[in-house]
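Novice: From just these sequences and the hints, can you work out the full model?
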Amino acid sequence: MRAPEQLGPYRYTQSDTSFPLGQDSLALASFATLRRGDRVCDLGCGGGALLLLLAARQSTLTLSGVELSPEDSALARRNLSENGLTGEIYTGDIRRVCKTLPAGGFSLVISNPPYFKAGSGGDGGTARMEEAALTDWCAAAGRLTKNGGRFALVHRPERLTELFLALSRSGLEPKRLQLIQHDAHTPPSAVLVEAVRQGRPGLEVLPTLLMNRRQSYGRHFISGTHPHRQPGGHLPADGGHSG
0 MRAPEQLGPY
10 RYTQSDTSFP
20 LGQDSLALAS
30 FATLRRGDRV
40 CDLGCGGGAL
50 LLLLAARQST
60 LTLSGVELSP
70 EDSALARRNL
80 SENGLTGEIY
90 TGDIRRVCKT
100 LPAGGFSLVI
110 SNPPYFKAGS
120 GGDGGTARME
130 EAALTDWCAA
140 AGRLTKNGGR
150 FALVHRPERL
160 TELFLALSRS
170 GLEPKRLQLI
180 QHDAHTPPSA
190 VLVEAVRQGR
200 PGLEVLPTLL
210 MNRRQSYGRH
220 FISGTHPHRQ
230 PGGHLPADGG
240 HSG
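Using numbering that gives the first Met the number 0, read the sequence shown as starting at 0 and increasing by one per residue.
It is possible that some hints are incorrect.
In silico DSS-like pairs for lysine-lysine, Cα to Cα no more than 30 Å straight-line [said to hold, decoys possible]:
id, residue 1, residue 2
1, K98, K174
2, K116, K145
3, K116, K174
4, K98, K116
5, K145, K174
6, K145, K98
Have a look at the derived ranges for each label pair, beta carbon to beta carbon [stated by the list, open to error]:
id, residue 1, residue 2, range
7, P200, G104, 20 to 30 Å
8, P3, L202, 21 to 31 Å
9, T85, G201, 29 to 39 Å
10, R94, L164, 15 to 25 Å
11, P156, M0, 14 to 24 Å
12, P187, S167, 29 to 39 Å
I should point out that these hints are in silico values taken from the structure, not numbers from a laboratory. Idealized CB from N, CA, C, for every residue including glycine.
Specialist: Here it is as structure tokens:
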């Protein structure tokens, strides 16, 4: 196990074999629109970091997660329990597990899915290679999200066309988009997207989020104490820091 990490009021333990918590997940947790009483499901929840980060922003959530790895599923349950939180963590492939969960049962589905197709030569390592395709992640989110509910995720900018097509086929309309880049001289490395189930057309493009690799990201901002936090749940373009 890696040393526990403080995420707002919660302590997060992650295993040596799981994909480490990174700035993309932190940005996603801040980007997603949260409302009191939301029923949240994290697809590919790993050790439960996103669930902790969201609970730090809003204490009235009902938390659920789906994770392929039995070890990470057990760790997610432990992380919730040791922080005094309750939630349901389901173990298995999202393509199967999500068919057993109630359709339209969640007001927010969130995910940081693998970025690279299997065999694509992407530089993310095996933990960031797809087993389920991007269309499968969107289909699972489309099934679980109630009408008017949101699906928030982070992915690679070069896959935006594929992502938007998959969202549309799953009844999810992209409504908010924010690019992430590490400095003003490099191309964006990731993109945050929030879609609404059966939403009306109309996409809001937010200012680019700059995240300097060399500075501390300031994980405490998730709890609402970050000096650059905005009410809309995202950082201003010049407020991001890497971890």
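Novice: Which hints, by number, does the structure contradict?
Specialist: 8, 11 and 12
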